[in-house]
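Peer 1: Let the sequences and hints guide you as you build the complete structure.
2 protein chains.
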Amino acid sequence: MLAMPEIPLAPVDRIFKKAGAERVGEDAVQALRDILESIAYDLANRSIEMSKHANRKTITAEDVRAVVRIIRCVPLSV
Amino acid sequence: MLAMPEIPLAPVDRIFKKAGAERVGEDAVQALRDILESIAYDLANRSIEMSKHANRKTITAEDVRAVVRIIRCVPLSV
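First to last, the sequence lines map onto chains A and B.
Here the first sequence stands for residues 0 to 77, where the numbers follow numbering that gives the first Met the number 0.
Here the second sequence stands for residues 0 to 77, where the numbers follow numbering that gives the first Met the number 0.
Some clues are possibly wrong.
Repeated chains share a single entry, so a pair holds when one copy, or any two copies, can fit it.
[To be verified] Capping the alpha-carbon separation at 25 Å, the derived lysine to any residue pairs in SDA-like fashion look like this:
#, residue 1, residue 2
1, K56, R68
2, K51, M3
3, K16, L75
4, K17, Q29
5, K17, P4
6, K56, R45
7, K51, A65
Simulated from the structure, these hints should not be mistaken for lab results.
Peer 2: Next up, the structure:
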């Protein structure tokens, strides 16, 4: 993964707890955080493509939503 | 989306910038954050299933990685 992650671990840990996990290993929190980070870059890149397609320099929510509508499914890799 | 998001906006904004976006609307950052949050819950839920399948109460990185190997693609909805 990337050397310097952006997404903090604490929110990911809280999400696990809110999803109903009794005990969550720290490695699990890191693993999910790293996957989310990878997906974030993937979707950000595709959103940038979308805005270029619309001849805009500012990325908008419409660009992000258009990505979701078009790809429907984010590929994962471990 | 959920009423009380966990993932902060600032890391998502930095990811957009690192991905090469010149200008990013606040609505775009919120949209991507909300999508990541939704994916996080989805993967957390599936990871919990994985640990139950292995008769464990503690979620591990292996549970998270097994989810990724098995589903290969996270479905999205707007």
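Peer 1: Please list, smallest to largest, the hint numbers that this structure does not respect.
Peer 2: When the structure is compared with the hints, only number 2 turns out to be violated.
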